[in-house]
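Asks: Next come the chains, spelled out residue by residue.
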Amino acid sequence: MAIGILSNALTGLAAFQRSLETTSNNIANVNTEGYSRQRVELRTMPEQYTGAGYMGSGVNTVNVTRSYDQFVTGQVRSSTSAYSDVNTYHAMASEIDNLFADEETGLSATMKSFFNTVNDVANDPSSLPIRNVMLADAKSMTAHFNIVGNRLEDMQKQVNDNVSTIVKDLNELAHNIAQLNIKITDDIRRTSGQQLPNALLDQRDVLLNKVAENVDVSIVEQIDGSLSVFIGQGQPLVMNGIAYPLTIENNNLNPSQRDIVYNGQTITGQLSGGKLAGNLRFRDEVLNSAQSQLGMLVLGFATEFNNQHAAGVDLNGAAGNAFFDLGAVKPQVTGTASDPTLTLNVTFTPPTSAAPLGSAYRINYTASGFEMRNLTDNSVNTYATLGDLQAATPTYGFNFDVSTGSINIGDSFVVRPAMDIASKIGVALTSARDIAAAEAVGLAGDNRNALKLANLENLALMQNGKSTFTQVYGQLVSDVGGLTHVADVSAKAQKVLLEQAKTTRESLSGVNLDEEAANLVKFQNAYQAAAQAVSIANSLFDTLIGSVR
Amino acid sequence: MRISTAWYHQLGVNEMLNRQSKLSESQLKLSTGQKYLKPSENPQVATSLIDFKHRVRVYEQYQDNIITVRQRLEQAESGLSTGMGILQRVRELTVQGLNDINSGTNRGQIAAEIEQLNGVLLNIANTQNPNGEFIFGGYVTDQRAFSGAPDFTYNGDDNQRGIAIGPNRTVADGDPGQAVFGTVSAAPGAPGTIDNVFQALQQLADDFKNNVRNSASLTDIDRALDRFTTVRVSLGARLNAIDAQENLNEEYIVDHKTIVSEIGDLDYAEAISQFNMQQTALQAAQQSFAKIQNLSLFNYLR
Numbered sequence: 001m002a003i004g005i006l007s008n009a010l011t012g013l014a015a016f017q018r019s020l021e022t023t024s025n026n027i028a029n030v031n032t033e034g035y036s037r038q039r040v041e042l043r044t045m046p047e048q049y050t051g052a053g054y055m056g057s058g059v060n061t062v063n064v065t066r067s068y069d070q071f072v073t074g075q076v077r078s079s080t081s082a083y084s085d086v087n088t089y090h091a092m093a094s095e096i097d098n099l100f101a102d103e104e105t106g107l108s109a110t111m112k113s114f115f116n117t118v119n120d121v122a123n124d125p126s127s128l129p130i131r132n133v134m135l136a137d138a139k140s141m142t143a144h145f146n147i148v149g150n151r152l153e154d155m156q157k158q159v160n161d162n163v164s165t166i167v168k169d170l171n172e173l174a175h176n177i178a179q180l181n182i183k184i185t186d187d188i189r190r191t192s193g194q195q196l197p198n199a200l201l202d203q204r205d206v207l208l209n210k211v212a213e214n215v216d217v218s219i220v221e222q223i224d225g226s227l228s229v230f231i232g233q234g235q236p237l238v239m240n241g242i243a244y245p246l247t248i249e250n251n252n253l254n255p256s257q258r259d260i261v262y263n264g265q266t267i268t269g270q271l272s273g274g275k276l277a278g279n280l281r282f283r284d285e286v287l288n289s290a291q292s293q294l295g296m297l298v299l300g301f302a303t304e305f306n307n308q309h310a311a312g313v314d315l316n317g318a319a320g321n322a323f324f325d326l327g328a329v330k331p332q333v334t335g336t337a338s339d340p341t342l343t344l345n346v347t348f349t350p351p352t353s354a355a356p357l358g359s360a361y362r363i364n365y366t367a368s369g370f371e372m373r374n375l376t377d378n379s380v381n382t383y384a385t386l387g388d389l390q391a392a393t394p395t396y397g398f399n400f401d402v403s404t405g406s407i408n409i410g411d412s413f414v415v416r417p418a419m420d421i422a423s424k425i426g427v428a429l430t431s432a433r434d435i436a437a438a439e440a441v442g443l444a445g446d447n448r449n450a451l452k453l454a455n456l457e458n459l460a461l462m463q464n465g466k467s468t469f470t471q472v473y474g475q476l477v478s479d480v481g482g483l484t485h486v487a488d489v490s491a492k493a494q495k496v497l498l499e500q501a502k503t504t505r506e507s508l509s510g511v512n513l514d515e516e517a518a519n520l521v522k523f524q525n526a527y528q529a530a531a532q533a534v535s536i537a538n539s540l541f542d543t544l545i546g547s548v549r
Numbered sequence: 001m002r003i004s005t006a007w008y009h010q011l012g013v014n015e016m017l018n019r020q021s022k023l024s025e026s027q028l029k030l031s032t033g034q035k036y037l038k039p040s041e042n043p044q045v046a047t048s049l050i051d052f053k054h055r056v057r058v059y060e061q062y063q064d065n066i067i068t069v070r071q072r073l074e075q076a077e078s079g080l081s082t083g084m085g086i087l088q089r090v091r092e093l094t095v096q097g098l099n100d101i102n103s104g105t106n107r108g109q110i111a112a113e114i115e116q117l118n119g120v121l122l123n124i125a126n127t128q129n130p131n132g133e134f135i136f137g138g139y140v141t142d143q144r145a146f147s148g149a150p151d152f153t154y155n156g157d158d159n160q161r162g163i164a165i166g167p168n169r170t171v172a173d174g175d176p177g178q179a180v181f182g183t184v185s186a187a188p189g190a191p192g193t194i195d196n197v198f199q200a201l202q203q204l205a206d207d208f209k210n211n212v213r214n215s216a217s218l219t220d221i222d223r224a225l226d227r228f229t230t231v232r233v234s235l236g237a238r239l240n241a242i243d244a245q246e247n248l249n250e251e252y253i254v255d256h257k258t259i260v261s262e263i264g265d266l267d268y269a270e271a272i273s274q275f276n277m278q279q280t281a282l283q284a285a286q287q288s289f290a291k292i293q294n295l296s297l298f299n300y301l302r
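If you're matching them up, the sequences are chains A and B in order.
Heads up, the first sequence stops at 549 in the numbering used here, and the numbers go up one at a time, no gaps.
Heads up, the second sequence stops at 302 in the numbering used here, and the numbers go up one at a time, no gaps.
These aren't lab readings, by the way, just hints derived from the structure by calculation.
Just so you know, even glycine gets a beta-carbon here, dropped at the ideal spot from N, CA and C.
Where hints are given, some of them may not hold.
Dumping the calculated DSBU-like pairs for lysine-lysine here, alpha-carbon to alpha-carbon at most 30 angstroms [as the list claims (entries may be wrong)]:
1. B:Lys22 with A:Lys492
2. A:Lys210 with A:Lys502
3. A:Lys492 with B:Lys38
4. A:Lys502 with B:Lys291
5. A:Lys139 with B:Lys38
Some, not all, of what chain A presents toward chain B, calculated at C-beta under 8 angstroms [unchecked claim]:
6. Val30
7. Asn98
8. Ala101
9. Ala444
10. Asp446
11. Ala454
12. Thr470
13. Val477
14. Ser478
15. Val480
16. Gly482
17. Lys502
18. Ser507
19. Ala517
20. Val521
Using the sequences and the hints given, assemble the complete structure.
Replies: Written as structure tokens, this is what we have:
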């Protein structure tokens, strides 16, 4: 009988020690990311049949389980993807928003300052100092264009770098998840599926969350405890213990952009969610359009100014030279083509007028020929043959030619003729005497052409006579501001959703120290009671021995 | 609901960070005086501000131009006013010289004075502005408007330089010399062609030197005086016109600056009360965080 007390008490000591261990482990991991609190599952030992009936024989520790809900964890994962997508987009769009924020130092003020100096030349056409001021102001204006243009080009590079980093991270995460899959399946097999390696499972969930931060994933749990991870349209990133790496390649049509390649197949367009989609959407929706709108403005402005300047006569009696040097402008082409070998040769050609210019053109090849849409005003022109198209495009600032491969029905391209002009434009004139302020030869006081140059800023020369230069700039700022605003709103909304999901997960799986403190007391008391039972068993034993002696 | 200790802590921290960033935004707005710090806060207003501020700058440039034109017109006007005084004096001398009482010697003295006065008048015609431009030369501003004795030929052209003083409005900043000093019709019987007032005065002086009296000279001087008056009236009209335009421009600038201020400037009363509220909110968050983070069962298990 004393043996029964002793053995019961000993099972209790062991069970409460395990419980205290688990509690202390919970306390130790109170701040560990992704930790799920654990508890010890106790079960009564099988009773023993005696004449008096079934006698209990103590307690058994059967399992250590974690508080976990697959659905709740999945919710956190998908909210993480969605939030990290819009948050990345918003953070990057804000940079451009900031770039255009200050009207006092913005491009509009710089252009106005230049036009003021043109006005001053119109007031004093023969004054060399005033002409020099105009030349200096022209240079500081083009320098300002260059700064903004370079900043936008840096952001293109940043997007490329981010995409490369994300792909590198994804490959590493996939590798680690595959390794964890192997360990987890091994551990589960060891216990015939009865007990689970809680810490490893938590770790794998943390890694999956990191994958979700980068790209939206879908997850399928296998019967052996391993997880398969899919991205895009069902491309497996991890299957059992094998990770399938992604690679980066330059885009065929536009080598300055990176494509994500899976098993020899480009899947850039199929990926959604996470930082990756945030970067790519930012590039396609904000950056490309801001850059090409700025390009359209700078190209239109320089074209009209150069045209008017060429109509005048300088102080040496010669016809006006080009005032601005457009630089080596390189159009950007993106698109999809069914012929993987297709490369296009799209080159810049200076347009003769600012009026027809758009920021970007979408060229679709259909059964009835080429259809070109001006993405600024959505006007459409159709051309029966490639030759017709080629004859038309120089008006819009580019030549369109096929280098290798062929264009097939269904192919679609976007051409941004002057996307990089802001970073390349300069002042061509070197001498103040070369400013063509006059209309007739040999008249020092003739300011007629300078008056016309100064008046260019008040004329609606852009967008088929609808907008002035300032208005085009205003549209650019408002477009970027609008997109940033929308991104800000959805980032805030997604943040709330993510916090809700995290709160739900944390209330289920997180460690509450008060609860653990209470448990400590509970298990300590139980442990002390069990120890007391041992002592009683001992004294019972002594009593028995003593009575025999 | 169960509360996770670490998450609870995190939520408290997040709330403080959130309130801090709102407070810092309000502080920035107070220090810049701007209602919106970035275009994304209100894209429509951002576009309007760019447009309105641009228009204000355009009109401010017109105002600067008006100052330039006014200086030039006043310079011309003061030159012509001096010129009229000179012509009046020449007219008196001419009346004296034509009088029978005077001897040849007297006429010679009168001729000498007229020649002097003619020189002064020529200087007026060759006035330069502060940039060294000859203001009566039309577009030919880099040469003397009239060459000196004995030819007194006009070197300029008949253009008037326009200066922009308002939208689609230019005003001439001077008058070509030929229109001011020229085309004094040749006095009947005078030898050669008299093309301008200088030649006329020279002719007059030469006549007196030779003791010749030609009453037609008086008509020449009167014509020249008439012409001066006409030009001065035109200058005065232009000065009035730019004054009127200046007022119009000023009104436009004030109106648009008011709009810019209404849509873009911070309402300080509102902003300060919001700032105070946010400050209180942050303090409340900090205090409650400090209090609640102290609550733990472990405090009692000693």
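Asks: Checking against the hints above, which ones are violated?
Replies: Violated hints: none at all, because every hint is consistent with the structure.
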